[in-house]
Amino acid sequence: MKMAAKTTVLNLTEEEFVHPGNRACSGCGLSILYRIGLKALGRDCIFVVPPSCLTVMQGLFPIAATQMPVLNGTFASTAAIATGVKAAMRRLGRPTQVVAWAGDGGTSDIGIQALSGALERGEDIIYICYDNEAYMNTGVQRSGTTPQGSLTTTTPFSGKSEVGKNLPAIIAAHNPAYLATCSASYPLDFHDKLLKAKQIKGLKYLHVQTPCPPGWGIEEHMTVALGRAAVETGLFDLYEIEDGRMQLTGQSLQQLGNTGLRPVREYLEMQVRFKAFSDEQVAALQAQVDQRWSGYRDRFK
Amino acid sequence: MSKAIIESGNVAAAMAVQLARAEVIAAYPITPQTPVTEKLSELITAGRMDAEYVAVESEHSAMAVCIGAASAGVRAFTATSSNGLLYMSEQLHWAAGARLPIVMCVVNRGIGAPWSVWNDHQDAISQRDAGWIQIFAKDHQEIVDMTLKAFRLAELVHIPVMVNYDGYYLSHTYMPFEPPDAERVDAFLPAYQYKHALSPEHPESLNTVTLPDARLDVQGVKRGGYMDLRHNLHEEMGMAIEVWEEIDRDFQTHFGRGGAPVTDPYRCDDAEVVIVAMGSMANQFRVVVDRLRQDDGIRAGVLALQMYRPFPGAMLARALQSAKHVMVYEKGLSYGSQGALYGDIKSALYPYPSRPQLHNFIVGLGGREIPTESLYQTTKTSCAPDRILPPAQSDVPQWIGLQL
Chain F
1 MKMAAKTTVL NLTEEEFVHP GNRACSGCGL SILYRIGLKA LGRDCIFVVP
51 PSCLTVMQGL FPIAATQMPV LNGTFASTAA IATGVKAAMR RLGRPTQVVA
101 WAGDGGTSDI GIQALSGALE RGEDIIYICY DNEAYMNTGV QRSGTTPQGS
151 LTTTTPFSGK SEVGKNLPAI IAAHNPAYLA TCSASYPLDF HDKLLKAKQI
201 KGLKYLHVQT PCPPGWGIEE HMTVALGRAA VETGLFDLYE IEDGRMQLTG
251 QSLQQLGNTG LRPVREYLEM QVRFKAFSDE QVAALQAQVD QRWSGYRDRF
301 K
Chain W
302 MSKAIIESGN VAAAMAVQLA RAEVIAAYPI TPQTPVTEKL SELITAGRMD
352 AEYVAVESEH SAMAVCIGAA SAGVRAFTAT SSNGLLYMSE QLHWAAGARL
402 PIVMCVVNRG IGAPWSVWND HQDAISQRDA GWIQIFAKDH QEIVDMTLKA
452 FRLAELVHIP VMVNYDGYYL SHTYMPFEPP DAERVDAFLP AYQYKHALSP
502 EHPESLNTVT LPDARLDVQG VKRGGYMDLR HNLHEEMGMA IEVWEEIDRD
552 FQTHFGRGGA PVTDPYRCDD AEVVIVAMGS MANQFRVVVD RLRQDDGIRA
602 GVLALQMYRP FPGAMLARAL QSAKHVMVYE KGLSYGSQGA LYGDIKSALY
652 PYPSRPQLHN FIVGLGGREI PTESLYQTTK TSCAPDRILP PAQSDVPQWI
702 GLQL
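Order-wise, the sequence lines are chains F and W. With my numbering as the guide, the letters of the first sequence map in order to residues 1 to 301. With my numbering as the guide, the letters of the second sequence map in order to residues 302 to 705.
Keep in mind that the hints were calculated from the coordinates and are not lab data. The beta carbon of each residue, even a glycine, is placed where N, CA and C say it ideally should be. Certain hints may be false.
Claimed, not checked - Incomplete in silico selection of chain F near chain W, CB under 8 Å: (1) 46; (2) 59; (3) 61; (4) 67; (5) 73; (6) 76; (7) 84; (8) 89; (9) 91; (10) 96; (11) 116.
When you get a sec, could you build the whole thing from the sequences and use the hints?
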């Protein structure tokens with residue numbers, strides 16, 4: 001499916017779906033995504049949210065920061081709850097989009113079984129994983145997607161020793177109707193991928209890298225710069241998979257012709273969480289990125 | 302008038318769910334529940350039932366699907382047993398706290414470890430504090446009738462209902478029962494309407510984080526905190542006993558069956574010895590009672606407890622006060638304490654001046670055979686006039702049929 005004309009700040013809808021003021025930390029990447037993402041999704045949506053920063057951001061009873069209908073559910077069952085809501089919508093003859101929106105812990109760890117089931121069944125839902133690369137809502141504990149070397153409260157001193165899960169690849173192995181990676185630093189790219197996802201039947205999975213100032217150890221004003229650095233260094237790639245075919249998108253596609261991407265060291269040094277990274281680890285990571293991008297150049301040129 | 306048919310207990314449950322017009326069925330296979338969902342998927346695939354069947358990857362997700370569907374205003378059903386029930390335990394508490402009128406059949410089975418596929422009540426007993434209404438059927442007709450009534454109860458009080466029936470004893474045996482007429486069921490059980498149903502037209506954020514204290518909403522109206530919501534669940538669960546009785550009366554006018562929705566007494570009017578049991582074992586005791594009366598001149602009766610949660614304590618206390626002996630036979634216990642039902646009954650009797658001698662028997666765990674003869678012998682021996690045990694011995698459970 002072709003992407004429609006790109007949304008820009010000039011033609012982005014002015015309608016807001018979130019009330020002013022919420023409980024997100026200042027500089028929260030998720031709050032950018034939520035505000036812009038809802039503009040793409042529109043009013044005819046129901047959200048399913050497990051415990052996460054989003055639970056808190058959407059408001060505490062009896063006050064809501066969101067204007068959308070939301071079903072909060074248990075940690076492990078987001079995709080299954082969304083399945084139930086969608087089944088109800090079919091029974092009621094309503095075209096309402098059902099959007100599951102969970103964090104990386106809720107998706108890659110505790111929620112992966114329910115998500116795998118929903119993928120296998122081809123449930124007609126949108127699943128958004130905002131990946132801030134640790135359990136941020138409980139105070140920065142390691143998750144399945146926490147990158148190697150990252151300091152968290154459960155990987156102190158020397159950082160996480162294991163490599164993080166490549167969650168989009170796990171999802172891709174289920175052959176979903178649509179898969180896209182996005183970044184909180186490119187919210188309009190996220191917006192347009194959601195517009196596209198809305199047109200597709202089946203399970204649409206969007207994996208969104210989401211910088212987290214307190215969790216990553218960055219200044220609040222650096223959120224967007226960080227997410228961009230992740231993409232520009234080739235550490236986090238923007239792409240889509242449709243009908244099993246992968247295609248780089250946005251900034252990642254644009255920089256395909258550049259033989260010299262920004263060095264990963266620039267990205268790592270912007271954050272406190274990688275303070276324990278050794279020079280050898282940096283070099284190894286750079287070699288991995290170089291190899292992956294060399295592969296992209298062969299594959300997509 | 303409908304005609305009686307002969308079918309298994311699991312098929313009886315599936316027929317009730319079909320008649321109730323449940324619209325979303327989500328289930329995961331587990332013995333001995335599996336034939337319920339097999340039958341439902343067959344009915345749906347054959348076009349004889351208009352519903353969505355979601356073959357989930359776990360019981361946890363089965364209840365999640367029901368939670369999603371019920372929150373969106375659609376009637377949902379699942380069934381499980383044993384470890385499956387325990388695997389969805391978190392979701393049970395969630396469904397109750399969210400006040401969703403989900404109905405679930407639990408085909409009672411022992412819990413591992415070690416593995417057992419056979420019957421006892423430990424699965425249901427272990428979930429007694431989840432905030433679900435728990436009812437126990439003792440024959441195939443009750444499986445059908447109680448399941449239909451359960452949908453109406455759940456939707457009236459906004460509390461989920463667990464319809465329990467014994468694995469194999471009821472689930473896999475074939476007995477005659479009368480499936481209610483579909484048109485009459487429609488008149489008895491109106492379509493599900495949920496005023497907080499998820500809807501973009503009336504957006505609500507359900508089950509949000511709720512603080513310890515009450516808070517003002519944006520209109521300045523005070524809204525209770527977590528504890529207040531939980532208090533309401535408890536209070537309204539207590540009120541469900543009366544609602545269940547009303548539903549049963551209405552069921553009687555439609556179908557001519559019922560009359561003992563909470564407790565079902567057999568020869569209890571003049572009984573000095575009252576046996577209390579749940580599920581099919583209560584029916585087994587009718588033979589014991591008849592024999593005790595006929596052969597031994599013991600005025601015995603059996604009180605089947607049909608509703609375990611909410612616990613009808615006052616009703617039981619009234620029914621049991623005038624007995625000399627109350628014998629609680631149960632297929633589950635609170636380990637390290639005593640039978641859960643026994644503890645509840647003792648507690649219910651405590652405020653009253655007249656307290657019968659209480660006896661607690663644990664039977665049939667993991668499908669251990671329950672010979673009627675041994676029920677007869679234990680009951681007879683325990684109420685013998687010369688057998689007065691000191692409290693330290695009388696207040697502990699006696700295990701029947703051990704093969705140590």
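Of the hints given before, which are not true for this structure? Nothing - there is no hint that the structure violates, so all of them hold.
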